[in-house]
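Asker: As a plain string of letters, each chain reads:
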Amino acid sequence: MIEAILAGAVRGGSSILFAALGETVSEKAGVINLSTEGSMLVGALSAYAVAVETGNAWMGVLAGAAAGATLAALFAAMVVWRGANQLATGIVVLFLALGVTALLGRDYVGVGVEGFDRWAVPLLSDIPFVGTILFDQDPLTYLALLAAPAVWFLLNRTRPGLLVRAAGERGEVLFAAGHSPRLVRFSAVAFGGMLAGIGGAQLSIALALNWSENMVAGRGFVAVALVIFAGWNPIGALVGALFFGGVESLQLQLQAQGVSLPADLLNALPYLATLAVLVVLSRRRLHAAPEGLSRVFEISR
Amino acid sequence: MPHMRRTRTLAALVAALSIALVAAGCGDDEESGAASTAAAGSGEKTKVGFIYVGPKDDFGYNQAAYEGSEAAAANLPDIELLQAESVPEDAGAERVMERMISQGAKVLFPTSYGYLKYAQAVAAKHPDVVVVHQGGLEAEPKQPNFGTYFGTVYEPVYLAGIAAGKATTSNKLGYIVAFPIPQTLANVNAFELGAKSVNPEATTTVVFTASWCDPGKQAQAATALISGGADVLTQHQDCTKTIIETAERAGASTVGYHYDASSLAPEGWLTGSEWSWGPMYTDIITAALDGTFEGSQYDGDYRVGLQTGDNPFVQSAFGPSVTDETKAAIETAKAGLAEKGIFTGPLTDQDGKEVVPAGTTLTYDEVEQMNFLVEGVVGNIPK
Amino acid sequence: MTALRRAVAFRPTGVLVTETLRWAATVLVGLAGFAFFVAAVGENPFDALSAMWRAAVVDPIGPGEVLVYAAPVVLAALAVAIPARAGLWNLGGEGQIAMGVVGATLASQLLPASLTSWAALPLLAIGAAIAGAIWCGVAGLLRITVNLNEAISSLLLSYVALRVLDYLVNGPWKDPGSLGIPQAEPVPSAQRLPLLDWLPVFGGGRLHAGILIALVALGVVLYVSRRTVWGFRLRVVGGNPEAARRAGLRVPLLILTAMLAGGALAGVAGFVQLTGVEGAAKGGIAGVYGFLGFLVSWLGRHDPLAILLGALVVGGIVVGGDALQIDAGLPAAAINILLALLLLAVLGRRGRTAGVEG
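Going down the list, the protein sequences come from chains A, B and C. For the first sequence, counting from 1, position 257 maps to 257 in the numbering used here; every step adds exactly one. For the second sequence, counting from 1, position 89 maps to 89 in the numbering used here; every step adds exactly one. For the third sequence, counting from 1, position 75 maps to 75 in the numbering used here; every step adds exactly one.
A hint or two may mislead.
Using 25 Å as the maximum straight-line C-alpha spacing, the simulated DMTMM-like pairs for lysine to aspartate or glutamate come out as follows [to be verified]: (1) Lys45/B with Asp128/B; (2) Lys45/B with Glu43/C; (3) Lys125/B with Glu43/C; (4) Lys142/B with Asp197/C; (5) Lys125/B with Asp47/C; (6) Lys174/C with Glu140/B; (7) Lys196/B with Glu70/B; (8) Lys172/B with Glu169/A; (9) Lys142/B with Asp175/C; (10) Lys174/C with Glu366/B; (11) Lys174/C with Asp128/B; (12) Lys172/B with Glu3/A; (13) Lys47/B with Asp175/C; (14) Lys174/C with Asp301/B; (15) Lys106/B with Asp175/C; (16) Lys106/B with Asp47/C; (17) Lys174/C with Glu331/B; (18) Lys340/B with Glu375/B; (19) Lys174/C with Asp349/B; (20) Lys353/B with Glu331/B; (21) Lys196/B with Glu89/B; (22) Lys142/B with Glu43/C; (23) Lys174/C with Asp365/B; (24) Lys353/B with Asp301/B; (25) Lys174/C with Glu70/B; (26) Lys47/B with Asp47/C; (27) Lys174/C with Glu138/B; (28) Lys45/B with Glu185/C.
In silico negatives: residues of chain C with every beta carbon more than 10 Å from chain B [what the hints assert, rightly or not]: (29) Phe36; (30) Ile61; (31) Val68; (32) Leu110; (33) Asn170; (34) Pro182; (35) Leu199; (36) Ser225; (37) Val236; (38) Arg245; (39) Leu256; (40) Gly279.
Hints listed in this document are in silico derivations from the structure and should not be mistaken for laboratory results. In this text, a Cβ means the ideal position worked out from N, Cα and C, and glycines have one as well.
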């Protein structure tokens, strides 16, 4: 049963993990994108629609990634180039995504799709316990698990990552070195939206095999909270996403065993946990926050 | 100075909006003129409004109601339908009903459970409009232009439970439910009782998702039940596709609800319960438009089932794996249900407490107040 | 070009004309974008827009419904505007509204049902205001004690509050008479806000006194922020907290009181929805009023009059959207496109100055 709970945590957490990794990159560049939920929504719908039309789930993933990136690029264009406020623009863009997906998604409600099946990794899936949890999942979940170390590597060990971090910490230095901090930020946000879009795709064409209006149901906001919970660390985001996914999985699995928990209060737990982590570690966390991101809020100081 | 600038900006914005609105208004005049001539040409049609909580093609509750409305419109050429989909169960629903009335609607069908109090409020305000609510019970004070209607959902669910009880090899059935309301609890109980009638070992595990349609959560719930050993899944959700397909992929059987979704599960589909609202909608609209609604059977809480003959709930077609023996058992049970209801004592709840004593059968009204799970159901009503 | 603009700028009417044209262009951009989407799904955009216009303005119940929707938006926007004076972000409107509903319901349960409206309603409002203030005050407190950013904490707290309300109406407060619908027992009819059906324009509609409460709150905020020492000090803190500190202002106290006041206003929005519209506490009662209030306040630069205008526009779009559903068969959420495009056009137009000003 613990096996089933953890396997469910991985499966349910992977869409959140994609979005959280994307948001990590975005925030590392100094931009907080509240429309992550929106990127997931357009990603979920685009992936579903393209998978339906082409019959190819991987084409769907590409479409989801492109749609998530496009929405984030719209957000980034407003924020980075037009200097619009990040929080307000994020919410506006989210409203746009809600409306667009509700309208354009009408034609895909109840339509069948050839999505991703679960694909057990040969040999590895035979490992007791761990095999079921980690190696008997859908392909996008594997991708999510691999994406966490990949994003860590990207941010900390590569030149683009250095640029992203520099854009978040010391835009002036970047500028002095002949780079455009704006271009870097724009790219980082769009990249983040792309990952969120793939997260949406996981939800619609790997987990649920269905499209319905507003199907992301708050998972994008969970991802934003998670990034802070994780201290802007991709590996921490992995842990956090499993935790968030685990809460849902635990609750459903326990019900399936005949144990019921107060679901509503349990659902509040991840947010409270994030708050608690922030409070306990606030000084260190704020230190860990990208300088440019603090500046977003700095206005208020 | 900045203060003045702001005031000026505001004035400008107001002016700009006015221009835009006037422009829109001009278009509007021509539009409504054209519309009214068209209406005059084709003779005056009476408007009937339908409000759905989800999209009209959800393979579920809303699609069934939508198709019922279309059937009624086909039966009654003199009516014109006003439809609104995906209307949330909040004050916005009242607004949509008011809007339909202001567009001339004479009969309203708010078809979701959560619309009840808004529907009653609207009915109280518009005595000349008939409002009929799908699935609720009329609260005091009773209004002459308000009624509720429903079928006895749990009868076909009981029969489907027989198919499930015969089909299961693990003796574990799974039921994914949105909220613990009397209607859903009655279904879960009927399903378990049906299964138990042919397979005393069968238990039904119930999982509540706290949402009528969250496909991600549905997939997780279905997987949880299957990994817990359930090999037949059924559900009480508005959108049904995810659970049916998740079960099919995992090799589990499916009992449908709301709609014939056998196309989604060619292997595992057993049977299901679906609606045929057309005749009842037609009858209600006819009564309303004839002016005979008040005092009719629909003015109040109208419930039909096998005992009265014309249950709007019907059983879906059987899937390939259902044996002739099972079909025969279901036919026998069906004939029996017309004699004696499902919730006939002695019935004990999960704790072994007697909830329906021997010799009594719950009335339709009592079923609508149901707040227990029968013995054999695994899971709790969230407190 | 610059010369021309400067020449025009000397005459106020000239500015008014150019400003008007620019705003008209902004609105048109938003409308055009929306029309594009409507056309993309095969509906006639002009029919859709004219149906919206009829529903919100021409139809007898339209204007009243617009005001019903605008009332909580105004209050939620003011809940953002006051902290914003001190440079603070209140992103937790939904949760504070939910807490307002909880506070008012709690007050209603404690009061004897026989109490008259005049005695009961203010007490319910106070209960709501206190609950909202506490919820927002926590974010303020975390800000001044552990320097935790209030935008993040208020957003997180918002989700907690929504779950708490869900828990209450699904559990301890669930009305046994509601036949399973997760909602609390209805408040007694004496504790419902009176309808304004004596107003000839809105006769027969659902318009309740909530809009008057919103207008009074608006006036109070206007007065407090422009005419009181506290309001002035908030602006000093918002302008330059360091300078404020040097000038001897008690910055932490000002931050806390600003957040408390904001939360109280959001709580009152919950009171208005409870007693004016729903009549019983239920999940989802907070809608997206908090986010809408945030946007309206922010786009109106936290100016009370601009907030009123913005809330009316939002209300108009939402009420107009009903017609979109019935006449054009579009999903209710489609109006979010129009809303977002109009706001984006405004955001884009406002450009850089807005970003700096916050």
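Asker: Hint by hint, note whether the structure agrees.
Answerer: Against the structure, the hints:
1. Distance check on the hinted pair: Lys45/B and Asp128/B sit about 17 Å apart at the alpha-carbon level, within 25 Å; holds.
2. Under the criterion of a C-alpha separation no larger than 25 Å, the hint pairing Lys45/B with Glu43/C is consistent with the structure, at around 23 Å.
3. For a cut-off of 25 Å, the pair hint linking Lys125/B to Glu43/C is broken: about 33 Å separates their Cα positions.
4. With a C-alpha separation of about 24 Å, the suggested pair Lys142/B and Asp197/C falls inside the 25 Å cut-off, and the hint holds.
5. Distance check on the hinted pair: Lys125/B and Asp47/C sit about 29 Å apart at the alpha-carbon level, beyond 25 Å; violated.
6. For the given pair, Lys174/C sits about 19 Å from Glu140/B by alpha-carbon distance, which is consistent with the 25 Å threshold.
7. Between Lys196/B and Glu70/B the CA atoms are separated by roughly 38 Å; this puts the pair beyond 25 Å, and the hint is violated.
8. Restraint check for Lys172/B and Glu169/A: not satisfied, since their Cα atoms lie roughly 57 Å apart, outside the 25 Å limit.
9. For the proposed pair Lys142/B and Asp175/C, the alpha carbon gap of about 20 Å is at most 25 Å, so the pair holds.
10. Taking the CA atoms of Lys174/C and Glu366/B, the gap is near 19 Å; set against the 25 Å cutoff, the hint holds.
11. In summary, the hint linking Lys174/C to Asp128/B is not supported, as the alpha carbons are separated by about 33 Å, beyond the 25 Å threshold.
12. The hinted pair formed by Lys172/B and Glu3/A meets the criterion: a straight-line CA distance of about 20 Å does not exceed 25 Å.
13. Taking the CA atoms of Lys47/B and Asp175/C, the gap is near 35 Å; set against the 25 Å cutoff, the hint is violated.
14. For the suggested pair Lys174/C and Asp301/B, the alpha carbons sit about 23 Å apart, so the restraint of at most 25 Å is met.
15. With a C-alpha separation of about 32 Å, the suggested pair Lys106/B and Asp175/C falls outside the 25 Å cut-off, and the hint is violated.
16. Simply put, Lys106/B and Asp47/C have alpha-carbon atoms about 24 Å apart, close enough for the 25 Å limit, and the pair holds.
17. Under the criterion of a C-alpha separation no larger than 25 Å, the hint pairing Lys174/C with Glu331/B is inconsistent with the structure, at around 40 Å.
18. Annotation: proposed proximity of Lys340/B to Glu375/B holds, straight-line Cα distance about 20 Å (limit 25 Å).
19. Note on Lys174/C and Asp349/B: the hinted pairing holds, with a Cα-Cα distance of about 22 Å set against a maximum of 25 Å.
20. As the CA atoms of Lys353/B and Glu331/B are separated by approximately 31 Å, the hinted pair breaks the 25 Å bound.
21. Taken as a hint, the Lys196/B and Glu89/B pair is broken in the structure, with Cα atoms around 36 Å apart against an allowance of 25 Å.
22. The straight-line distance between the Cα atoms of Lys142/B and Glu43/C is roughly 41 Å, outside the 25 Å bound, and the hint therefore fails.
23. Only pairs whose Cα atoms come within 25 Å are accepted, and Lys174/C paired with Asp365/B is accepted, the gap being roughly 20 Å.
24. For a cut-off of 25 Å, the pair hint linking Lys353/B to Asp301/B is broken: about 30 Å separates their Cα positions.
25. Only pairs whose Cα atoms come within 25 Å are accepted, and Lys174/C paired with Glu70/B is rejected, the gap being roughly 37 Å.
26. Proximity of Lys47/B to Asp47/C is assessed by CA-CA distance (about 19 Å); at most 25 Å being required, the pair is judged to hold.
27. Distance check on the hinted pair: Lys174/C and Glu138/B sit about 19 Å apart at the alpha-carbon level, within 25 Å; holds.
28. Straight-line distance between C-alpha atoms of Lys45/B and Glu185/C comes to about 41 Å, which puts the hinted pair past the 25 Å bound.
29. Phe36/C, annotated as away from the interface, keeps every beta carbon of chain B farther than 10 Å; the closest lies near 16 Å.
30. The claim that Ile61/C is not at the interface with chain B is violated, since a C-beta of that chain comes within 10 Å of its own (minimum 5 Å).
31. Not every CB of chain B is more than 10 Å from the CB of Val68/C (nearest about 8 Å), against its label as outside the interface.
32. With a least beta-carbon separation of about 23 Å from chain B, Leu110/C lies farther than 10 Å from that chain, consistent with its non-interface assignment.
33. Annotated as non-interface, Asn170/C brings its C-beta within 10 Å of a C-beta of chain B; the closest such distance is 7 Å.
34. With a closest Cβ-Cβ approach of about 7 Å to chain B, Pro182/C is found to fall inside the 10 Å limit, against its non-interface label.
35. Leu199/C, annotated as away from the interface, keeps every beta carbon of chain B farther than 10 Å; the closest lies near 16 Å.
36. Listed as a non-interface residue, Ser225/C keeps its Cβ farther than 10 Å from every Cβ of chain B; the least gap is roughly 12 Å.
37. At roughly 16 Å, the least C-beta separation between Val236/C and chain B is larger than 10 Å, which holds for a residue marked as non-interface.
38. Annotated as non-interface, Arg245/C keeps its C-beta farther than 10 Å from every C-beta of chain B; the closest such distance is 25 Å.
39. Interface exclusion of Leu256/C from chain B stands, the closest Cβ pair being 28 Å apart, more than 10 Å.
40. The beta carbon of Gly279/C sits about 7 Å from the closest Cβ of chain B, which is not more than 10 Å, so the claim that it is off the interface is violated.
The structure does not agree with the numbered hints 3, 5, 7, 8, 11, 13, 15, 17, 20, 21, 22, 24, 25, 28, 30, 31, 33, 34, 40 stated previously, though it agrees with the rest.
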